Amino acid sequence: MDFDLGKEEIQIRQRLHELIDPNLDEWLSGLGSADLDHRRRTLLSAFEAVASSGYTEFVFEGKGRGAAVMAVREELAFISPSLYLSVEGGNGLLVQLLGTLRTDMQENRVLPSLMSCKAVGSVALVEDHGNIEDNPFGASIEEQGNSLCLSAEKNMVVNAGVADWIAVAATYEGRLAFALISPDPENLEICNPIAALGLEPSPFYQLCLNKFPVSLGELIGPFETSEPLSRVRMWEDQVLVGASLGIMRRAYEAARDHSKAHRCGGKPLVAYQEVGFKLAEMLTLIHTAQLLAYRAAWIIETGDREAEILVHSAKVFCAESAESVASGAIQILGQMGYSSRNPAEQAYRDAKFIQLGGTSTERSRIKIGDKLLEAI
Amino acid sequence: MFKEQVIKFASKEIAPRCAQHDLEGTFDFQSFRKLGEFGILGLHFPEELGGSGADVVTTVLAGEALGEAGVDGGLTLAYGAHTFLCADTILSHGSEAQKKKYLPKLASGEMIGCMGLTEPGAGSDVASISTRAERKGDYYVLNGTKMFITNGPLADVAVVYAKTEKDLKRAGISAFVVEKGTPGFSAGKNLIKMGVRTSHTSELIFDNCKIPVENRLGNEGDGWIMALQTVEWDRSALLAPFIGGMTYVLRKCVRYAKERYQFGRPIAEFQAIKHKLADIKIFIEAARSLCYRIAWCKDQGRPLNHLEAAMAKLFVGDWSLAPANDAMMLHGGYGYCHEYEVERYFRDSRLAPIGGGTSDIQKRIIQKLL
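These protein sequence lines map, in sequence, to chains A and B. Using the numbering used here, you'd call the opening residue of the first sequence number 1 and step up by one each time. Using the numbering used here, you'd call the opening residue of the second sequence number 1 and step up by one each time.
If you're looking for bench data, these hints aren't it; they were derived computationally from the structure. Among the clues, some could well be false.
[What the hints assert, rightly or not] If you want the footprint, here are the derived chain B segments under chain A, 3+ residues with CB under 8 angstroms:
{"#": "1", "region": "250–257"}
{"#": "2", "region": "282–296"}
{"#": "3", "region": "351–363"}
[Said to hold, decoys possible] Using C-beta positions, here's what the derived DEER-type ranges look like:
{"#": "4", "chain 1": "B", "residue 1": "Arg33", "chain 2": "A", "residue 2": "His262", "range": "56 to 66 angstroms"}
{"#": "5", "chain 1": "A", "residue 1": "Asp134", "chain 2": "B", "residue 2": "Glu24", "range": "49 to 59 angstroms"}
{"#": "6", "chain 1": "A", "residue 1": "Gln14", "chain 2": "B", "residue 2": "Leu23", "range": "55 to 65 angstroms"}
{"#": "7", "chain 1": "B", "residue 1": "Lys368", "chain 2": "A", "residue 2": "Glu48", "range": "40 to 50 angstroms"}
{"#": "8", "chain 1": "A", "residue 1": "Glu306", "chain 2": "B", "residue 2": "Ser128", "range": "38 to 48 angstroms"}
{"#": "9", "chain 1": "A", "residue 1": "Ile376", "chain 2": "B", "residue 2": "Glu214", "range": "47 to 57 angstroms"}
{"#": "10", "chain 1": "B", "residue 1": "Met329", "chain 2": "A", "residue 2": "Glu57", "range": "47 to 57 angstroms"}
{"#": "11", "chain 1": "B", "residue 1": "Ser92", "chain 2": "A", "residue 2": "Asn23", "range": "51 to 61 angstroms"}
{"#": "12", "chain 1": "A", "residue 1": "Gly6", "chain 2": "B", "residue 2": "Glu4", "range": "28 to 38 angstroms"}
{"#": "13", "chain 1": "A", "residue 1": "Ser226", "chain 2": "B", "residue 2": "Gly264", "range": "23 to 33 angstroms"}
{"#": "14", "chain 1": "B", "residue 1": "Leu321", "chain 2": "A", "residue 2": "Arg175", "range": "45 to 55 angstroms"}
[Claimed, not checked] Heads up, simulated DMTMM-like pairs for lysine to aspartate or glutamate below, C-alpha to C-alpha not over 25 angstroms straight-line:
{"#": "15", "chain 1": "B", "residue 1": "Lys258", "chain 2": "A", "residue 2": "Asp370"}
{"#": "16", "chain 1": "B", "residue 1": "Lys8", "chain 2": "A", "residue 2": "Glu18"}
{"#": "17", "chain 1": "A", "residue 1": "Lys352", "chain 2": "B", "residue 2": "Asp279"}
{"#": "18", "chain 1": "B", "residue 1": "Lys258", "chain 2": "A", "residue 2": "Asp134"}
{"#": "19", "chain 1": "B", "residue 1": "Lys3", "chain 2": "A", "residue 2": "Glu374"}
{"#": "20", "chain 1": "B", "residue 1": "Lys252", "chain 2": "A", "residue 2": "Glu306"}
{"#": "21", "chain 1": "B", "residue 1": "Lys258", "chain 2": "A", "residue 2": "Glu308"}
{"#": "22", "chain 1": "B", "residue 1": "Lys368", "chain 2": "A", "residue 2": "Glu253"}
{"#": "23", "chain 1": "A", "residue 1": "Lys371", "chain 2": "B", "residue 2": "Asp279"}
{"#": "24", "chain 1": "A", "residue 1": "Lys371", "chain 2": "B", "residue 2": "Glu259"}
{"#": "25", "chain 1": "A", "residue 1": "Lys118", "chain 2": "A", "residue 2": "Glu274"}
{"#": "26", "chain 1": "B", "residue 1": "Lys368", "chain 2": "A", "residue 2": "Asp4"}
{"#": "27", "chain 1": "B", "residue 1": "Lys258", "chain 2": "A", "residue 2": "Glu306"}
{"#": "28", "chain 1": "B", "residue 1": "Lys8", "chain 2": "A", "residue 2": "Glu306"}
{"#": "29", "chain 1": "B", "residue 1": "Lys258", "chain 2": "A", "residue 2": "Glu362"}
{"#": "30", "chain 1": "A", "residue 1": "Lys371", "chain 2": "B", "residue 2": "Asp156"}
{"#": "31", "chain 1": "B", "residue 1": "Lys252", "chain 2": "A", "residue 2": "Glu308"}
{"#": "32", "chain 1": "A", "residue 1": "Lys118", "chain 2": "A", "residue 2": "Glu18"}
{"#": "33", "chain 1": "B", "residue 1": "Lys3", "chain 2": "B", "residue 2": "Glu24"}
{"#": "34", "chain 1": "B", "residue 1": "Lys3", "chain 2": "A", "residue 2": "Glu301"}
{"#": "35", "chain 1": "A", "residue 1": "Lys7", "chain 2": "B", "residue 2": "Asp299"}
{"#": "36", "chain 1": "A", "residue 1": "Lys267", "chain 2": "B", "residue 2": "Glu134"}
{"#": "37", "chain 1": "A", "residue 1": "Lys260", "chain 2": "B", "residue 2": "Asp360"}
{"#": "38", "chain 1": "A", "residue 1": "Lys371", "chain 2": "B", "residue 2": "Glu4"}
{"#": "39", "chain 1": "A", "residue 1": "Lys118", "chain 2": "A", "residue 2": "Asp37"}
{"#": "40", "chain 1": "B", "residue 1": "Lys3", "chain 2": "A", "residue 2": "Asp304"}
The model shown is predicted, which means the values in this text are computed figures rather than measured ones. Positions of the beta carbon are idealized from the N, C-alpha and C atoms, including for glycine.
This is chain B alone, in the form it adopts within the complex (with noise of 0.2 angstroms):
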């Protein structure tokens, strides 16, 4: 089967890496590469732009499998910024000549990508975004600064949203591909964080920045809509892998469980420790509902399936800190430790409620469409 493919792949090649890059909160570019040989990052794009065609199911399999294979969370988590987040933006609303320019390199991990939404001041609420593309002839001229820029330090390329009318809210945003080294274009210093500590994050900052006409992305005034088009990724493929991280644990607490003896007996004999691993599988099992919904609705060409997709990301966000917080009392002293990687996970998957819109702001989606 193919996730037992990529478990094993990434079994071998990348997890044994991901604790020390953890530790110095170091990029493993080398662990990107070899994503991009085996044909990760670009599974879902046609085999003409470098990928292998998969359909959404079978992509979110592929990042699950990498969580259930010991990868951290940092690492998919560049994983799914560079792929879904820039790359399929790319894919779904560029020319012909930006995806052949920017897509076998994309998905070979030649190159690295990001996307440039949240500013400062702006995140849930797109449409208060600031950045500025004014169009001067055959060029804009960006300015403004995003934040929270998951691989903005690193990235080759970056699909990046700005107003090209001001005044107008949604209809004022568009998308632009900017290159890395263009002037105007820098990235902030890494931002160090409780978890996801190998992905890098930083400001994008824009400063008279000229992009080229045929760097915009679509018609202008199609930002928007591109930018809710990559939340059923968020939803469903960048969740995926925090769920297979979540199955990880669970076979590490299992193992635990057997080998560590208290009064004359292994602790998995106790009652409360199979409630303890029986509530982190009933976690996943409900969670691995959600997300594999959203990707099958996806693959049957239903867009903007906001509801849904907002109930999969509240309920993986919050509902996961419970048993993450489990699966390390159950290793006790031993769980707070780096060596037992059970506190990685803790931290990494502490963002799943803020990352792509807080708890909250999904709350609010769903409130509005009740």
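Chain A with its partners taken away, still in its complex shape (with noise of 0.2 angstroms):
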């Protein structure tokens, strides 16, 4: 239970803070530019700001480990949700894949620039059924004469519009593989920015591959069995939960902030129980699901034959505290944070993607209930 931050995690955490607060505003407004090559240099701005931090380092390079690492990725999640998303949704889930599955030819190309930040990742799942651990994809990379082609059609897809690399879940020879592929505009059919509910500016973008060639050196797999699947899906959880913590965090301190500067019958609102108490009760919730996501971060690297179930029960737990958290911050700001831009109000939408993201919060338990009546 030694969850305190470290020396090393907090000088991290202020250099984030440092390097990314003076220039927000003008980043978040260049990535959610119509001009995807304005995005893509902005993405890079900011992503050279992360690295320069020590953050890419400390969590992509292995330097961090399991809740210090939580830790990390708490404050920038709390800086900009959806920096954050492109940073560990985009490159850190595509440096967990090659770093775990990689050939050498992806390593000695492709990782290195991913972890530095220096190039854009992104990793391509979900389709429109959106359950992919049930149904077969319906991506796929066929053969054509001597060379492989890749067909897909992704949606909800980090940073596709902007990266470099991308690796595209797909079905090859009736099995589980992914095809890394380097973006040439003129085979991707679409690749649009899709518009969301929250994490602005949105990260998401659909992507359209038809008869894309793959190379041989690019294909990872195939797999004999969905587990590289679900390992991906445990680190895209893991990245979601990074993700509700700052979120939980950032609506909380706009809502304590403002009780305590707000006055309202010659006291300040904090002083009031009945906003006293839901303070009392979101910090609650903020504490817990920290302790719970340190904790998950935690016993993944001890191989633990609990740590499924209890990355899910992060996965729930933190997302649903998430909304609940924000929920209670636009209360207690009233029409500030029922007020667009506002900490709170963008932090109720920003949750909601957590909930349902990665395993959705339904699945989770599900897996959590099949879990137990295989233990018991």
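Starting from the two chains in their separate frames, assemble the complex, guided by the hints.
Below, the structure is given as structure tokens:
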């Protein structure tokens, strides 16, 4: 239970603020631009700041471990959930995937630039039906003469429109495989930004590929089982848990600061039990979510057989707590909280994605239930 | 593993006796002594005082194990009040003579302990207690009444908080060890409760009760800080059996869901049932994270961790109500019957947001520390 922040985590968290906060508004504006080139340039500028803070070395290159990594993730998500998702849901996920399942070519050519955030990465999983675990991928890799080609329609793909590398999950010879592609606009039929309820500016794209050429060296797999997909899902869930911690803290701090600064009836709002007690409940949820998330991040590395249940438990608890905390924050902030671009209303919208992204909270519960039924 | 040894011991020696004692509302002296013999009651005491010198995390593990074994909330509450609220206060603040006199017997279960703090007119507002301890030469005279005292009617020794300076608030509180049979000291009748029925709860009445000066714990005015220090135990070791109990209930739910058929299949196959199982498990894991964190902080020598302690108590109390209800709903009509034990857990768990400072009190503490 030693989840106190170490000196290094504290430094990285401070550096993130120093390097990102002064430019954040400009970057968020650029990341929402209709011009994809401008988006990409902006994202790389922001990535550079993230890397300079020591974040990528700590999180992607293995300098930090378990709970400490989660604590650093939380801070980036606190600063900007959208930027966080580009860093972690794009590059982070692809780094994990290649770090575990790579070929030599991919390791030498692709991984270093993704780890240092000098290139933009993306992993394309989700399709129209949403549930990628029970349905086979519609995306397929097929042989065409002596080469391979990929056809896919993917949704909610983080960074896809600005990515240097995308790992696309697909079926190859009836088995799971990933095609690591470097997008070429001429072969991308559609790569549209998706406007979303939250996480502004939206890091999501729709990705359509029609017979996109894939070399054997760009193939990851095929795999005999779906285990690699489960692993990617678990990493993704961990990324979303980190996002939820940042999101709920952002909403809470806005409400807490307001309740101290805003006076009513001659005393600050926080002095009223209706407000103070609500903040107490919110803080309790945040603290509990942090401890559960840190513990889940730690236990994954131990290889404990309870790890899967704990990760799903953290995903459900953190995702639902994020919405609950954000809702409480809006209530305390009143009309201010209901106004656009207030951190609380943003958090309320952002939190919804955490519940449905990765393994949805419903599916997570089913998985926990199945594991319990299996174990007891 | 130590935890598994405790589960094995308690499952065999104690849990089978719980249902009947709960039904009759009787305290299980035999099981209490067995807890002592196994080393649970004084686990964290030094060896020379009858303990094993365990750290706080290990002590919390033992408490969780009792719950997981199916030991009822009444007996674990009695153990908590005895070991942490009474004995630990003597261990932490008593003189060498006091420690030697009481702790070995408290560790073995030969003596039963309790703590007298709450009064009819003062609960969490400790500074407002009105029990008086007037110094008269080499003894004090205690007058007043304590309320809702776990182990009150059974206790051989009580740690009692009283005002030695009635005009002072916190600084006027002192603590005393009072032995059963002391003239002027009596316990009221056992209060019949909704849950934790095997623990006995009563008033403690002090009517010109003469206590030797050597029975005072620490210095005059130290009582406030002593009472505060019990809070960390209250929020970790006392919560642990309750969390373990939820694991016990979860296992019962899983087994029942596999055995109970409806519409031609086990109810475990219905998504809504899996969701209930998951929600109980999520609560357990969240609560464990908080509880062990408090224990770990105490092991690191970080005293008076009030904010985290209050959050742990608030969460375990308030957030346990839904999963406890889920467990009963999952069992349907059987869950409402004594035989299935789930209703006992449901009743016992209702104390969690009340005892040791209600959830509103915890929110008030957190509010002040925001």
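Contradicted hints - numbers only: 16, 25, 30, 33, 36
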